[in-house]
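Single-letter residue listing:
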Amino acid sequence: MSDPLKSTAPTNGADDSSHAGHGLSGHDHGPTGFFSRFVFSLDHKTIGIQFLFSGLIFWLLGGLLALGVRLQLGWPNQAMPLFAQWFPQLAESIPSSWGTRMSPEFYTMLFTMHATVMIFFVIVPWLGGAFGNFLIPLMIGAKDMAFPRLNMLSYWVLWPGFVFLIASFFVDGGAAGSGWTAYPTLSSAAQPEPVADAGWDAAKKATAEQNAEKSPEKKAADAPKEPGLVEKIMKRWDSPAAGQSGQGQVFWLLALIFSGISSMMGSVNYITTILNCRAPGMTLMRMPLTVWGMFITAVLQALALPVLTVALFMQLLDKTVGTVFFLPPAGLSFGNWHTGTGGGQPLLWQHLFWFYSHPAVYIMILPAMGMVSDVLAAFCRKPLFGYKPMVFSMIAIAGLGFIVWGHHMFQSGMDPRMGSAFMVATMLIALPSAIKTFNWLATVWGSRIVFTSASLNALAFVSMFVIGGLSGIFMASTPVDIYIHDTYFIVAHIHYVLFLSSTFGIFAGIYYWFPKMFGRMMSEPLGQIHFFLTFILANATFFPMHILGIAGHPRRYYDPTLYDFLRPLQPLNQFMSISAFLMGLVQIIFLVNFFWSLFFGKRSGNDPWSANTLEWQAPSPPPHGNFEATPIVYHGPYEYGMADAPEGRVAQTDLPTGSLTAHSTLAAPSSLDRIDS
Amino acid sequence: MHRFWSLLFATVNLACLGLVVAAYFTTDWWLPDAASTQAVQIDWLFYFIGGLCAFFYVATQLILVVALWRFSSNRAGLANPVHGSHVVEILWTVGPLAGLVVITAVSFPVWKSTKYQGLPASFPIGSDAKASDPDQVILVTARQWDWHFRYPVATIAVNEIRHWSEDGNPTDIVLADELHVWKGAQVQLLLKTTDVIHSFFVPALRVKQDTLPGKTIPVRFEPRLSNVRFDPQKGTLVPGEQPKTWELVCAELCGGNHYRMRGKVFVHPDKASFLAWLENARQKSRARAATETTGNSSRSAMPGRPAIAVADAAPQSARGRTSDPVENESGSSIGNQTAEDSANP
Numbered sequence: 000m001s002d003p004l005k006s007t008a009p010t011n012g013a014d015d016s017s018h019a020g021h022g023l024s025g026h027d028h029g030p031t032g033f034f035s036r037f038v039f040s041l042d043h044k045t046i047g048i049q050f051l052f053s054g055l056i057f058w059l060l061g062g063l064l065a066l067g068v069r070l071q072l073g074w075p076n077q078a079m080p081l082f083a084q085w086f087p088q089l090a091e092s093i094p095s096s097w098g099t100r101m102s103p104e105f106y107t108m109l110f111t112m113h114a115t116v117m118i119f120f121v122i123v124p125w126l127g128g129a130f131g132n133f134l135i136p137l138m139i140g141a142k143d144m145a146f147p148r149l150n151m152l153s154y155w156v157l158w159p160g161f162v163f164l165i166a167s168f169f170v171d172g173g174a175a176g177s178g179w180t181a182y183p184t185l186s187s188a189a190q191p192e193p194v195a196d197a198g199w200d201a202a203k204k205a206t207a208e209q210n211a212e213k214s215p216e217k218k219a220a221d222a223p224k225e226p227g228l229v230e231k232i233m234k235r236w237d238s239p240a241a242g243q244s245g246q247g248q249v250f251w252l253l254a255l256i257f258s259g260i261s262s263m264m265g266s267v268n269y270i271t272t273i274l275n276c277r278a279p280g281m282t283l284m285r286m287p288l289t290v291w292g293m294f295i296t297a298v299l300q301a302l303a304l305p306v307l308t309v310a311l312f313m314q315l316l317d318k319t320v321g322t323v324f325f326l327p328p329a330g331l332s333f334g335n336w337h338t339g340t341g342g343g344q345p346l347l348w349q350h351l352f353w354f355y356s357h358p359a360v361y362i363m364i365l366p367a368m369g370m371v372s373d374v375l376a377a378f379c380r381k382p383l384f385g386y387k388p389m390v391f392s393m394i395a396i397a398g399l400g401f402i403v404w405g406h407h408m409f410q411s412g413m414d415p416r417m418g419s420a421f422m423v424a425t426m427l428i429a430l431p432s433a434i435k436t437f438n439w440l441a442t443v444w445g446s447r448i449v450f451t452s453a454s455l456n457a458l459a460f461v462s463m464f465v466i467g468g469l470s471g472i473f474m475a476s477t478p479v480d481i482y483i484h485d486t487y488f489i490v491a492h493i494h495y496v497l498f499l500s501s502t503f504g505i506f507a508g509i510y511y512w513f514p515k516m517f518g519r520m521m522s523e524p525l526g527q528i529h530f531f532l533t534f535i536l537a538n539a540t541f542f543p544m545h546i547l548g549i550a551g552h553p554r555r556y557y558d559p560t561l562y563d564f565l566r567p568l569q570p571l572n573q574f575m576s577i578s579a580f581l582m583g584l585v586q587i588i589f590l591v592n593f594f595w596s597l598f599f600g601k602r603s604g605n606d607p608w609s610a611n612t613l614e615w616q617a618p619s620p621p622p623h624g625n626f627e628a629t630p631i632v633y634h635g636p637y638e639y640g641m642a643d644a645p646e647g648r649v650a651q652t653d654l655p656t657g658s659l660t661a662h663s664t665l666a667a668p669s670s671l672d673r674i675d676s
Numbered sequence: 000m001h002r003f004w005s006l007l008f009a010t011v012n013l014a015c016l017g018l019v020v021a022a023y024f025t026t027d028w029w030l031p032d033a034a035s036t037q038a039v040q041i042d043w044l045f046y047f048i049g050g051l052c053a054f055f056y057v058a059t060q061l062i063l064v065v066a067l068w069r070f071s072s073n074r075a076g077l078a079n080p081v082h083g084s085h086v087v088e089i090l091w092t093v094g095p096l097a098g099l100v101v102i103t104a105v106s107f108p109v110w111k112s113t114k115y116q117g118l119p120a121s122f123p124i125g126s127d128a129k130a131s132d133p134d135q136v137i138l139v140t141a142r143q144w145d146w147h148f149r150y151p152v153a154t155i156a157v158n159e160i161r162h163w164s165e166d167g168n169p170t171d172i173v174l175a176d177e178l179h180v181w182k183g184a185q186v187q188l189l190l191k192t193t194d195v196i197h198s199f200f201v202p203a204l205r206v207k208q209d210t211l212p213g214k215t216i217p218v219r220f221e222p223r224l225s226n227v228r229f230d231p232q233k234g235t236l237v238p239g240e241q242p243k244t245w246e247l248v249c250a251e252l253c254g255g256n257h258y259r260m261r262g263k264v265f266v267h268p269d270k271a272s273f274l275a276w277l278e279n280a281r282q283k284s285r286a287r288a289a290t291e292t293t294g295n296s297s298r299s300a301m302p303g304r305p306a307i308a309v310a311d312a313a314p315q316s317a318r319g320r321t322s323d324p325v326e327n328e329s330g331s332s333i334g335n336q337t338a339e340d341s342a343n344p
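Just so you know, the sequences run in chain order A and B. Terminal number for the first sequence in numbering that gives the first Met the number 0: 676, no gaps in between. Terminal number for the second sequence in numbering that gives the first Met the number 0: 344, no gaps in between.
Source of the hints: derived by calculation from the structure; they are not laboratory data. We put the beta carbon where it would ideally sit given N, CA and C, even for glycine. The reader is advised that the hints may include incorrect statements.
Distance ranges between label pairs, derived from CB positions [unchecked claim]:
id, chain 1, residue 1, chain 2, residue 2, range
1, B, Thr10, A, Trp336, 52 to 58 Å
2, A, Met417, B, Ala97, 51 to 57 Å
3, A, Asp171, B, Trp68, 57 to 63 Å
4, B, Leu13, A, Trp74, 27 to 33 Å
5, A, Phe531, B, Asp42, 36 to 42 Å
6, B, Phe24, A, Arg100, 32 to 38 Å
Where chain A lies over chain B, by a calculated footprint (3+ residues, C-beta under 8 Å) [stated by the list, open to error]:
id, segment
7, 43-55
8, 58-70
9, 91-100
10, 226-238
11, 268-282
Model the full structure from these sequences, guided by the hints.
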């Protein structure tokens with residue numbers, strides 16, 4: 000590329016002061032040490048890939064937890080096959096499992112941790128952490144993030160979260176089991192004093208005395224060990240409400256606090272980078288929709304996450320130091336045992352939690368929407384139908400996203416008149432989603448679709464998002480929600496949005512940007528087989544859940560066959576479980592493809608897809624500092640199908656010529672004057 | 000080959016639609032009996048929204064499938080770079096908006112008539128002045144993991160309900176896991192919980208309401224079908240017009256045994272049948288209380304309250320409801336357990 004402005008273009012991207020301590024050498028080469036290059040790296044690409052791999056590991060964990068749930072639902076009360084045979088000891092020592100069967104408590108732990116892992120440790124780190132980090136500087140033509148050190152910290156702060164999350168499986172009582180929503184008072188009920196159980200103590204004493212009579216020398220060994228300080232403290236966290244609401248819940252809260260802090264650091268960084276570090280000519284309305292999605296998500300996170308973090312701290316204080324934020328004035332009775340008086344409100348948690356977690360639903364879909372838009376335009380070889388309506392729809396979703404949280408609480412005991420107000424807002428938020436869908440369809444119409452793994456996953460996103468979106472309208476209607484709230488209809492809805500939409504968007508993103516990340520192509524045949532099977536099996540797993548919901552099947556049930564009206568649904572439950580296991584197996588194809596291509600994939604050039612956006616101008620993988628020369632942007636991101644341009648497309652950096660500007664959506668860059676000043 | 004993908008999208012979507020149709024025609028795979036007046040309204044809304052959604056679903060998937068069929072890269076030439084159209088954008092904004100406005104407009108009256116009743120009239124907006132006084136008031140207390148239904152023996156005056164919901168009367172009949180109402184009654188439940196959040200959900204009645212620690216939440220409904228009647232000769236319940244079991248479930252996670260908070264709903268054909276049953280239950284309860292004063296009294300989980308007569312379903316106890324052996328023990332003393340079996344054909 001011969002760019003006359005190249006030599007005169009000033010450095011952009013992260014400003015030099017923040018770059019000063021960045022790396023060992025000057026500004027041309029990156030750091031050379033192993034640790035500074037691959038572990039404690041300040042490079043946004045390395046950090047993005049770290050997020051990608053962490054997410055991948057937790058994706059497998061979350062998937063296995065889900066299969067455990069499906070095992071129990073398909074064949075309630077059966078011994079866990081294979082697992083119990085292969086690891087009899089382990090199966091029996093699982094916290095609160097019933098021999099080789101899983102106990103109801105174990106089951107509640109499975110679905111709680113499945114949701115927690117998938118939401119807070121897979122989808123959010125993948126979309127925001129991996130793709131956000133990797134793509135934002137590349138797509139806006141920056142050298143790196145505005146705050147590389149903060150960026151590094153945003154990844155490493157996640158690690159204490161990982162540790163607490165994994166450790167919680169091994170604490171007394173097992174990992175958290177009060178649902179990913181952790182509603183008090185099931186989650187928060189705490190004992191103000193350690194319970195002195197006279198009967199238990201007497202029995203222990205009697206046993207000890209008996210032993211002492213038998214063999215005095217064994218007395219020392221059998222006498223109850225004086226618990227250490229840590230054990231003593233952790234014992235105080237035990238909950239009267241449920242075994243896993245004790246130590247496991249405290250660990251859960253800590254894990255989420257760290258994950259939240261990580262996301263907050265990331266979001267501040269993304270907002271600053273996108274506002275300040277764009278390449279010359281990259282106006283806001285020339286940004287690819289992926290960047291718009293990331294930007295709006297970052298704003299959502301920055302505004303909503305502090306609320307969740309505060310709520311998590313409040314629950315943590317309730318559990319550990321005896322505050323009563325979520326304990327009602329009269330306290331609670333668990334059998335003959337009373338918590339003592341409170342002064343708080345259990346409903347407060349639901350308001351605070353959903354004030355974050357409803358926007359979080361958009362945090363988990365907006366970046367995927369942006370990525371899918373980019374992938375669709377590139378493989379349809381056609382401009383996105385309505386760029387500005389897409390941007391404004393995303394902004395509208397983000398704005399309305401803050402006033403719809405109450406629709407999770409229609410049946411919660413909140414004043415029903417507030418439910419009416421939240422219903423109106425919720426109905427409105429369906430509109431921008433519909434506008435986006437129609438724009439995607441109009442983009443595909445009249446295009447020349449190149450069917451690749453990436454484009455197929457993106458098309459599936461559009462198709463499945465329609466189902467996920469439409470099923471949401473049922474529960475937006477407050478009276479219908481009376482019936483379907485907390486049934487499998489909701490489970491179907493969330494999986495159509497988060498699995499069949501977000502995760503397919505993530506697949507599309509991985510297939511599409513893998514060459515940029517690693518300089519190699521993923522295998523197309525394997526990718527298409529993986530798509531084909533996953534698409535069918537995911538629908539087979541999740542679509543029948545709508546039927547279950549319509550028949551009234553409640554969520555989070557360990558054994559539905561206890562109920563007359565649920566027993567006829569058991570064939571559907573088994574069908575879904577079998578589909579889920581097969582779908583789990585099919586993901587091996589993806590893993591094989593991913594890791595094989597990492598080392599043996601065909602080398603990709605800079606621009607294997609003939610795409611227009613800036614990241615394809617950089618080498619694959621991009622070196623430290625990303626671009627050989629600062630790119631200058633003259634065009635919007637989606638100028639495909641241009642009859643008089645080479646390859647029928649105009650890259651964002653192509654020089655405007657007389658004939659080309661006629662097709663350009665925007666005139667010559669106004670920000671060029673910024674360069675001269 | 001490129002048309003393969005179009006066919007895949009078409010097949011998967013057709014299979015999804017096919018499953019919905021098949022479920023509609025399969026027994027017990029669809030909405031249960033609409034046993035209350037609000038169930039009829041909610042079902043109507045469900046079908047209305049379902050129809051609108053089906054239209055948009057079929058339309059969008061059809062466009063996508065046709066597009067995949069027609070516009071693959073095998074076609075010669077470049078894509079038509081057409082993009083952006085104010086007219087089209089306005090059309091597909093206004094169209095769905097109209098649909099959403101209509102859905103909201105038809106949803107609101109149903110929501111108002113089901114949930115606004117029983118609200119304090121202090122707040123002028125929305126309190127339903129037309130709401131009639133309840134014919135039957137029942138205090139429902141949830142705990143880990145069962146439901147207690149407290150039936151007043153005499154009618155409670157409307158202005159006494161609040162006071163009664165706090166302390167109850169010593170003469171009240173308390174039953175575990177059994178809700179008895181009669182057809183056509185304006186039933187007012189008062190939901191309480193002693194420990195965590197539960198959710199009172201009767202699919203057949205389309206009633207769902209979370210219980211909230213520290214709060215008493217009113218729930219109104221009117222049964223329109225009856226499934227049992229009390230036979231004074233036998234002294235038991237026998238199957239009614241709709242020989243169905245209507246189950247009460249907990250819909251909000253409340254701990255490990257969340258799935259075992261099973262209750263049953265008995266809708267009598269008229270008030271007379273209900274009163275006859277209540278009188279029978281009262282006598283049983285009194286007889287039981289008399290024997291219990293001589294026996295051990297260690298079981299009272301709720302001190303200072305009347306003895307709890309448990310007429311629990313036999314299969315449930317058989318399924319290992321062993322956590323509270325006393326319940327099983329006392330369950331045998333009540334007469335309508337046999338009726339329960341006969342109500343289950």
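If you test the structure against every hint from before, which numbers come out violated?
Structure breaks hints 2, 10 and 11.
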